[in-house]
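In case you want the letters, here they are:
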Amino acid sequence: MFVHFFHELKKANVPVSLREYLMLLEAMDSDIIERRVEDFYYLSRAALVKDERNLDKFDQVFGHVFKGLDLINEGQTAEIPEEWLRKLTEKFLNEEEKAQIEALGGWEKIMETLQKRLEEQKKRHEGGNKWIGTGGTSPFGAYGYNPEGVRIGQKEGRHGKAVKVWDKREYKNLDDSVELGTRNIKVALRRLRKFAREGAPTELDLDDTIKSTAHHGYLDIKMVPERRNKINLLVFFDIGGSMDSHIKLCEELFSAARTEFKNMEYFYFHNCLYEGLWKDNRRRHNEKMQTWDVLHKFPADYKVIFVGDATMSPYEITYAGGSVEHWNEEPGGLWLERVAQIYESCVWLNPVAEKHWEYTPSLQIIKQIIGDRMYPLTLEGLDKAMRELSR
Amino acid sequence: MKFEGTKNYVATEDLRVAVNASITLQRPLLIKGEPGTGKTVLAEEVAKALDAELITWNIKSTTKAHQGLYEYDAVTRLRDSQLGDERVKDIRNYISKGKLWESFERDKRPVLLIDEIDKADIEFPNDLLQELDRMEFYVYETNETIKARVRPIVIITSNNEKELPDAFLRRCFFHYIKFPDEDTMRAIIDVHFPGLKGKLVQEALNIFYEIREVPGLKKKPSTSELIDWLKLLLSEDISPETLREKDPSKLIPPLHGALLKNEQDVHLFERLAFLARRERN
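Here the protein sequences come in this chain order: A and B. Sequential numbering of the first sequence, starting at 1, is according to the working numbering. Sequential numbering of the second sequence, starting at 1, is according to the working numbering.
One should not assume that every hint holds.
[Unchecked claim] Some chain A residues judged to face chain B by a derived CB distance under 7 angstroms, without partners named:
#1 GLU20
#2 ARG35
#3 TRP327
[Claimed, not checked] Simulated pairs of lysine to aspartate or glutamate, DMTMM-like, Cα-Cα distance not exceeding 20 angstroms:
#4 A:LYS186 x B:GLU123
#5 B:LYS162 x A:GLU52
#6 A:LYS10 x B:GLU213
#7 B:LYS2 x A:ASP56
#8 A:LYS57 x B:ASP80
#9 A:LYS211 x B:ASP80
#10 A:LYS186 x B:GLU116
#11 B:LYS32 x A:GLU354
#12 B:LYS220 x A:GLU380
#13 B:LYS162 x A:GLU354
#14 B:LYS2 x A:ASP51
#15 A:LYS186 x B:GLU161
#16 A:LYS211 x B:GLU71
#17 B:LYS162 x A:ASP51
#18 A:LYS186 x B:ASP121
#19 B:LYS64 x B:GLU213
#20 B:LYS178 x A:GLU52
#21 B:LYS2 x A:GLU354
#22 A:LYS248 x B:GLU71
#23 A:LYS248 x B:GLU116
#24 B:LYS119 x A:ASP51
#25 A:LYS11 x A:ASP31
These are calculated hints, taken from the structure and not from any lab test. Beta carbons are placed, not taken as given, at the ideal position from N, Cα and C, and that holds for glycine.
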């Protein structure tokens, strides 16, 4: 009976399965809820959504399927540019004025008219009483007043009317690919684990001891080596310049990686990898390490992570002498290629949002050198990067 | 049998629907949310409201799934056999029951709380799939199948440290406890401190939400911290006027230790308060 809804959820990439759908039907059948649409919303949410990251998507689909509201989303035909809706005017209506405003009619009618207006209207509109915009008294739009109004893209209810629970989209900030905290980063980094027992046997293997003792008839103690994460990590951080605006994110990633991996080595570079690297930013000009030494020192089973925005002039990558700080004998791109050749598992994490990538030529070059293994520094991207590394 | 919240616990409407769905359909209920929003307390209150026994299984990083079922104590048996103890002949003497087994044995429907399931190993939830689904398991040592007399109400909490496997999620109802808005918060405070002066609550809530709004805090204060703080304010007998007054010498709210749990946060807050004050003058 809700097959359409179910398919819409699937289409919106909410992971739902038949089992959950049947569970919902069973729940509907057993009269848990009264016949109210809010209750149905709560119930279907509890049954179909299993991760708070998907709650926002669910709310959108729910609003779309059950109210015929058009999705306010990118790429929709009826999209309203945000600047129209940006709050520019605040209208203060007194009680009398409010009473004067006549509503248009029933819900269906309003929706129908909204649809029509959306098609007719092409320009930004503010004030007034017909077009969709801000601060007016038309039933459509934001920051205005009309008791039967439909609100579009307004942050919160000003008059506490004309809003359904699912249209509030309270879970917006929980959608993935947004915030990263140290804790979240750690969880993502945990994907990169390979446990192995190696080295000196230092732990008592209780099960084996018992088995062996029972077998031999005397106490026979068995030992095993401790279980350790075998992953070795080599991280290169881009520092300074355009990276300054991402410093907090990088700090978080750094501290999370530090606690998560025992064998982690890190080095800094500026903009692009050249012949020298350093470990302490205060003494970067005195205590440089040769990049060759680094590449020779760490064996090929190290996993390599670059962290940087890859945003620079293309010459800094492709030409000798292109570096902004010093004269480099060999182009930076060559150094990147060397790293990618030596270390099979290698990814680039980029704090710049993925949608801006295509506008930066240098970023495209690096992405190509690194074999398309560039991921945005978001939870989702980190997750993918770790999957790539653990292959 | 319906859960409507209790006099000690404010349950929002969506939470009530989720709890009742899981009780009626006898499926586990998975609860997530910010720390301190009352995930564990929910199980206690559900048990109280339904007048059922609460069995708590606290999960640690070393917990294994079979520990919830039973454990076979081979070492004691080995020792007993060497001492010639009579008990050794019956293997039952060396099987200790886990929490899950305990909850299966009750005649009246208990509430089983599996607390912080994400603390355990990644495979942990998968190992419990069958047991939670069919509510039965097999004891190899004695060749018997233990089946639940009444299916317990299972409530599982998670702090999101690990992703849970899909197969496990599919079998649960899910609820995310979102941070309470101001009205719900007032109701919660009313439950904990009935008859608290309205003005004090107002001032305290203002400060509380102000602190939560501060960008860059490492740990935002949560409901349980607000309640602790109010308790302190009451015991120190601090008046609403003191809370409201913006004395330049006092940059941060009184007894802030209950709200800010991290010295970096305290510094950050002091700095911001200082800047705000300077702008005003």
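Hints, one by one, checked against the model:
{"no.": "1", "hint": "GLU20", "verdict": "6 angstroms, holds"}
{"no.": "2", "hint": "ARG35", "verdict": "13 angstroms, violated"}
{"no.": "3", "hint": "TRP327", "verdict": "40 angstroms, violated"}
{"no.": "4", "hint": "A:LYS186 x B:GLU123", "verdict": "18 angstroms, holds"}
{"no.": "5", "hint": "B:LYS162 x A:GLU52", "verdict": "13 angstroms, holds"}
{"no.": "6", "hint": "A:LYS10 x B:GLU213", "verdict": "35 angstroms, violated"}
{"no.": "7", "hint": "B:LYS2 x A:ASP56", "verdict": "28 angstroms, violated"}
{"no.": "8", "hint": "A:LYS57 x B:ASP80", "verdict": "60 angstroms, violated"}
{"no.": "9", "hint": "A:LYS211 x B:ASP80", "verdict": "16 angstroms, holds"}
{"no.": "10", "hint": "A:LYS186 x B:GLU116", "verdict": "17 angstroms, holds"}
{"no.": "11", "hint": "B:LYS32 x A:GLU354", "verdict": "29 angstroms, violated"}
{"no.": "12", "hint": "B:LYS220 x A:GLU380", "verdict": "23 angstroms, violated"}
{"no.": "13", "hint": "B:LYS162 x A:GLU354", "verdict": "25 angstroms, violated"}
{"no.": "14", "hint": "B:LYS2 x A:ASP51", "verdict": "25 angstroms, violated"}
{"no.": "15", "hint": "A:LYS186 x B:GLU161", "verdict": "8 angstroms, holds"}
{"no.": "16", "hint": "A:LYS211 x B:GLU71", "verdict": "16 angstroms, holds"}
{"no.": "17", "hint": "B:LYS162 x A:ASP51", "verdict": "12 angstroms, holds"}
{"no.": "18", "hint": "A:LYS186 x B:ASP121", "verdict": "15 angstroms, holds"}
{"no.": "19", "hint": "B:LYS64 x B:GLU213", "verdict": "40 angstroms, violated"}
{"no.": "20", "hint": "B:LYS178 x A:GLU52", "verdict": "10 angstroms, holds"}
{"no.": "21", "hint": "B:LYS2 x A:GLU354", "verdict": "48 angstroms, violated"}
{"no.": "22", "hint": "A:LYS248 x B:GLU71", "verdict": "47 angstroms, violated"}
{"no.": "23", "hint": "A:LYS248 x B:GLU116", "verdict": "29 angstroms, violated"}
{"no.": "24", "hint": "B:LYS119 x A:ASP51", "verdict": "17 angstroms, holds"}
{"no.": "25", "hint": "A:LYS11 x A:ASP31", "verdict": "29 angstroms, violated"}
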